[in-house]
Amino acid sequence: MRTFGSVLVRGLLVGLFAGLLAGTFAYVMGEPHIDSAIAIEEAAGAAHTHDAGGQAVPAEAEEEPLVSRTGQRAGLFLATSLYGVSLGGIFAVGFALFRRRLRTGSDSYAALGVAAAGFVGIVLVPFVKYPPNPPAVGDPETITKRTVTYLLTVVIGLLAVWAGVAASRWAQRFGPAQWIRLGVGAAAFLATVVVAYLILPSINEVPGSFPATLLWQFRLASLGTQSVLWLLLGLGFAAVIDRRTPVSQSEVVAA
Amino acid sequence: MSAPTPARSVAVPAISPRLLAVALLAVGLLLMLAYLVAFDQGAVSQSGMYLHELMHDGRHLLGVPCH
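Residue numbers (our numbering), protein chains in the order written: chain A, 1 to 255; chain B, 1 to 67.
Hints are computed from structural coordinates only; laboratory data are not their basis. Don't be surprised by glycine CBs; every beta carbon is placed ideally from N, CA and C. Treat each hint with caution, since some may be false.
What the hints assert, rightly or not - Footprint (simulated), chain A over chain B, 3 or more residues, beta carbon under 8 angstroms:
hint, region
1, 15 to 27
2, 32 to 39
3, 51 to 61
What the hints assert, rightly or not - Partial list, derived from the structure: chain A residues whose beta carbon lies under 10 angstroms from chain B:
hint, residue
4, 3
5, 30
6, 75
7, 90
8, 97
9, 138
10, 213
11, 214
12, 221
13, 223
So that you can see chain A by itself, here it is in the shape it has in the complex (with noise of 0.2 angstroms):
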């Protein structure tokens, strides 16, 4: 047995590994598009500029930016660990407190298990209904609005897979099938989801002119950086917790 603290650091140093490596596949598979992104952002500013009745102001477009995109491609790396830094210790916390009633008997199983519902709870339920938009999408006046919708979702697919959990566990009484548990289980978390995007209001603020081929690849990037940070947290915090993790000679002698 491990004391709290002990599964606590686990799991932020876990979050930092798996924060880095997402951030690497956010930098190759993501960047390209937001760079293009921006490209049709400030083509679009100039336009507007123009339209501004011959008295141009040309202020917005010149002003130095507060951080260059240089700086923002290394500050991709410094969100993503800091993110995957809270997502695991917030994980470790989740599994220490629900892993006695999580009914296997490998720690390994019950790592997995929290890492794809929270997977599912925290990015594929607001995925669905509010997938993120690259630079250049979006009315910064409504920027409340999505956000409270955007943390709505994930508040509601965390919700939905609890209760998916739950219904697969009241289902048992019917037999000891397990399609049954599964198939209860599985209707419950889409009733709960289905009923909640019918609810949440629908946002669609992608500029009609946005080329659809740099939104598809902006959002399978954007889908993929959290799928390999979701992957990472599970499998490390996984390898870390099982006792039954082969450890080298040396370590055993170092311990």
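Following the hints, complete the assembly by docking chain B onto the known chain A.
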């Protein structure tokens, strides 16, 4: 080849009120960190828009709504 034996005990301590308090405190601090990355507009961190702009690409690629 022998079948893997399931671990009889789990790797984490049982939950006590004190542990629960520490756990909730940790989650609170970690959520603040996530907020800083994902949602800060400078008003809370008192950094102006610097942190917001620095972590701009990450926020977009982590699926969080942005400007």
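Name the hints, by number, that the structure is in violation of.
The structure conflicts with hints 10, 11, although it agrees with all the remaining ones.
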